[in-house]
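Enquirer: Protein chains in written order, with my numbering: chain W, 23 to 343; chain D, 772 to 1060.
FYI, nobody ran anything at the bench for these hints, they're computed from the structure. Check each hint, because a few of them may be wrong.
What the hints assert, rightly or not - Which chain W residues stay away from chain D? Per the calculated CB distances, all over 10 Å, these:
hint	residue
1	Glu48
2	Ile68
3	Pro87
4	Gly98
5	Ser122
6	Val127
7	Leu139
8	Glu142
9	Glu187
10	Pro232
11	Leu234
12	Asp241
13	Ile252
14	Leu254
15	Gly256
16	Ala332
As the list claims (entries may be wrong) - So, partial list: chain W residues that the calculated Cβ filter (under 7 Å) puts toward chain D:
hint	residue
17	Met58
18	Ser84
19	Val165
Ideal placement from N, C-alpha and C gives every residue a C-beta, glycine not left out.
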Amino acid sequence: MELKRGPVVQAGTLKPPGRWGVVKKELARNKYVYLMLVPVVAYYLIFSYGPMYGLLMAFQESYSPVNGILAGTWIGFDNFTMFFESYYFWRLIKNTLILSFYSIVFGFPAPILLAILLNEVRKKWFKSTVQTISYMPHFISVVVVVGMLKTFSTLDGGLFNVIREFFELQPVMFLAEKDMFRPIYILSNIWQGAGWASIIFLAALSGIDPQLYEAAKIDGAGRWRQLLHITLPGIMPTIVIMLILRLGAVMNSDFQKILLMQTAPTYETSDVISTFVYRSGILEGNYTYSTAIGLFNGIINFSLLIIANAISRKLNSTSLW
Amino acid sequence: MKRSVGERIFDAINVLVLIIIMVICFYPMLYVFNSSISDPDQMLRSRSLMLLPEGFQLEAYKSVFKDTRIYTGYMNTLFYVVAGTAINLLMTSLAAYGLSRKDLMGRKTLMKMITFTMFFGGGMIPTFLLIQNLGLVDTRLAMIIPGAISTFYFLIMKTNFEGIPTSLIESAKLDGANDFLILFRIVLPLSKPILAVMMLYYAVDHWNDYVGPMLYLRSQELYPIQIIMRDILISSSTEAMGAGTDTGFAIGENIKYATIIISTLPIMLVYPFIQRFFVQGALIGAVKQ
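Isolated chain D, as found in the complex (with noise of 0.2 Å):
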């Protein structure tokens, strides 16, 4: 089909604006990689805007390898993210599959109090004086148990689970079987794409969590890295990793790119092979809210 002059004009001013947004987007994250393997005196006498590295070094990458802090922070922020996940869609599942169960006694009145809770709560200091009571300040639980379910991520599961046929769910209870096993067995199997979604939430989540660490882990060693790295970052205790290098305080900066660049990573490479996941949980999410 043949365009019009006007509509040319459309998509050229859409498509130019696009790629400046790409642009903003993405610029940020190229300097702070190119800044991380820069010279530091070299990048400092040049003052460009680093579309390319000037200069090159390791040193910055080195010296964060070797600090064990980030090596402790990396492998407890693996099992709060693993464990954290897993009790996370384990108990959602329960919860959804329990509510979505139309025939269900008293199902009203627990959605009312569950979807209150997402509109008002006890606030930090009631929260924190709970966790503490319950005897979960510096330990592991604490990043686990007190945010097991997210009421909004059950929410859109519990609509998923609405939409599997309720025959489906009878003729299996017809053939004996147990709700538990037609949880495990039939829902959660044909829920695979909604599942990998929460998955992938839940596990951000944990991720980037940063306050929940503060507030409740006092010991260093059960530290995770987004706590690691606001000590590196923004109280700023690069100067003594980089005592030890040749080029010393100099390299601070390029300690704090390496460090941005270390822990992000990993979340970066693994996202866009699972881009199209969050694209349908979204869907799946805004057919009934």
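Isolated chain W, as found in the complex (with noise of 0.2 Å):
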């Protein structure tokens, strides 16, 4: 290999290189690592930047896909204004909101719970069985998911009937009832994602230190003010994390789930944001329009998720940022 001087500095005569020039050096030096991130650089540009340039259109009259967005006839907000003053409005903000914080309330604490029970299970073979099982559902797909909810809703002989009719209920069309949308929603993410989502958790367990438990045993702390007092402690910048995430969210319902759920009797109180936009931007062409729907929702997501991190980093200083 041939050995590289540095340049000999003879007083007076090296000008300090200009910024172009530590460019060009940084180019050269890593040129290959450049040359890997430029793939990378086109996806994130392409897929994800070029969809945020597509939003352009929510400020126009209709799209055109023989002339792209910049050749539209430019309204102003009033894609957002018809929105809010449609019938539509309110009830898929409230559907929206109401499955949203149902979730957090119900869903969020159910990982949590179950992480802290299999952390104070001594035997091994039964704590990796209660796993292996409880994680189980996360394999099953939404699409079967929601066919075994069709099918064990069906009138004559479903699971949920037989059940109903073994405590002597009437039969009840479980996917049908707009009542009972919300809780099959619920329980049945519950059901199916709890086991999964309790691995962080689980993980975050482990970090804590066995010594303080030591510690608090000779102080004659009993398993209960052990939980209370280490194991909460302990995992509470993992849990603030999860929910900063999960408030920035709070405006997308999951919308593959709810797609396939919700019949029309249950639109009152299933349809939310996600499936209107679907309806009527895929299905109806209505583009210009269901995109201004889509920014209005993405940028509530967005002030939420900064508002919240911004509290929990007054209150208790973990943030994302």
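Reconstruct the complex from the two isolated chains, following the hints.
Expert: Here you go:
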């Protein structure tokens, strides 16, 4: 290998390299790394920032596939006003928020509880059996889960109605009942996701220093006190981070699942912003109007994330950035 | 060590609760399996909780296997999983290696640009129109290219790469290795566990994807299994499948159960063996979040 020498410094002759010179040198030194990042940057520019450019459509009257986005007629915030004044507006906001609120209140603590319970198990084989079985539903696709819900709800011999009959209750078409949509959605989400989501908390639990427990035992703390004063504080940062992320997605209900689950009779409780965007945009072709609704949704989400993060940083110095 | 009475009660309640949770998680799957092999008439009459199959038939499975849509769907899914995951791993590794290099100029800006996409995006309609304008609608590429990198998985992988000693990379450089060689010969072989985790995460995502195909695929011969399943399970097209069999209509529900089993079994069988990797992956992800 050839030995490279640095420039010989002669007093007065060496000019500090200009900005361009620094960049050129850096490019030469790391040229392969930059080469690797070319497809990555291209990917993000096209598939993440491309659609963000497409958001401009929200301020246009209609979208023309031939002329592209910049050629459209600009109408300012008319699409938004139209949405705010539409019959669906409050229904969509209400459904989206209620589903999200219930998901947080009931769904968020479930994996934490499961992780704590699992953490208290002494027999290793029992712990891993519970884990294996509780993760299983995660591997069932949404389509199958909704398919199962649907077959379980059939009037004639579906599992749910067999159970109802056992208690001598009238059979019910669960998925066609508007009052049943929310509980079924939330409970089946917990069934499918709690085990899997507990992994992250188990990981956090395994990071707690065992000496803390030893010390607590010597001080005479029972299992309950240990749980309260060591275990919970130990995983609090993880809980907070997960909660912030969750709050940043308050307006995102599970589009895939709701779309599969909802039936016309349940629209009153099941129709959320994302399903509405799908129907009015993809199915009916109201591209610019639906884009505006999607943008409105995205901005609320993003603002909530920033607010939640700021509050958390103030309160207990845990934050995403 | 002797345990006190309080401790024993604590443990007993804990174990009991966990057993109940296990039953709740497992029972629906057992019910589906038993239903799929039960005799439809007997099943309707007895209306039991199906802890054991009621009667026995394999007609439902025969009907499902006779359905060519299932076979095509399986093959398509297999292709999307394999090709998609390969692209995912390549792109994610390139991104993670590049951005884990601390001496890289513009690294911070790039990271900000990428992280931002996790929290804000163009949404469904602009993305759909973009894919359409790129001419990807109704092509296999639409299942592979648009989701080539998951930012969240990329962050996990990058954190992992950052744990590899810089001195190792520097000494390879002194020996004349370029960055491609370093990535493929040193960094990736050292990161096998995280690669396995990423592979599984991506593969499961491809396997379960249903919105992508629903939005971007038009031709039936490109449909993955999930779309076929939706047609069978949710839009109810089993009557046609059952029509050819002796039991006819009554077996329709059994066919649904059999479809669920057939499309879920492969991943269920593999997963207990790979479970430890998942936990490892979560641990790696949790270290620096």
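Enquirer: Was Glu142(W) rightly flagged as not at the interface, with every chain D Cβ beyond 10 Å?
Expert: violated (5 Å)
Enquirer: Can Ser84(W) be said to touch chain D, with a Cβ gap under 7 Å?
Expert: At about 12 Å, which exceeds the 7 Å cut-off, the nearest Cβ of chain D leaves the hint on Ser84(W) violated.
Enquirer: For Ile252(W), which was marked as not at the interface, is the minimum beta-carbon distance to chain D over 10 Å?
Expert: holds (15 Å)
Enquirer: Is Leu254(W) truly not at the interface, in the sense that its beta carbon sits beyond 10 Å from all beta carbons of chain D?
Expert: holds (16 Å)
Enquirer: Using Cβ atoms only, decide whether Met58(W) comes closer than 7 Å to chain D, and label the hint accordingly.
Expert: holds (4 Å)
Enquirer: Run the C-beta distances from Ser122(W) to all of chain D and say if the shortest one exceeds 10 Å.
Expert: holds (16 Å)
Enquirer: Does the claim that Leu234(W) lies off the interface hold, with its Cβ farther than 10 Å from every Cβ of chain D?
Expert: holds (18 Å)
Enquirer: Take a quick look at Ile68(W) and tell me if its Cβ sits farther than 10 Å from every Cβ on chain D, holds or violated.
Expert: violated (8 Å)
Enquirer: Is it correct that the beta-carbon of Pro232(W) has no partner in chain D closer than or equal to 10 Å?
Expert: Label holds. Min Cβ-Cβ 15 Å, cutoff 10 Å.
Enquirer: For Leu139(W), which was marked as not at the interface, is the minimum beta-carbon distance to chain D over 10 Å?
Expert: violated (6 Å)
Enquirer: Can we confirm that no CB of chain D comes within 10 Å of the CB of Glu48(W)?
Expert: Contrary to the label, Glu48(W) does not stay out of reach of chain D, its closest Cβ about 5 Å off (not over 10 Å).
Enquirer: Would you say Ala332(W) is clear of chain D, with no C-beta pair closer than or equal to 10 Å?
Expert: Label holds. Min Cβ-Cβ 14 Å, cutoff 10 Å.
Violated hints for the displayed structure, listed by number in ascending order: 1, 2, 3, 7, 8, 9 and 18.
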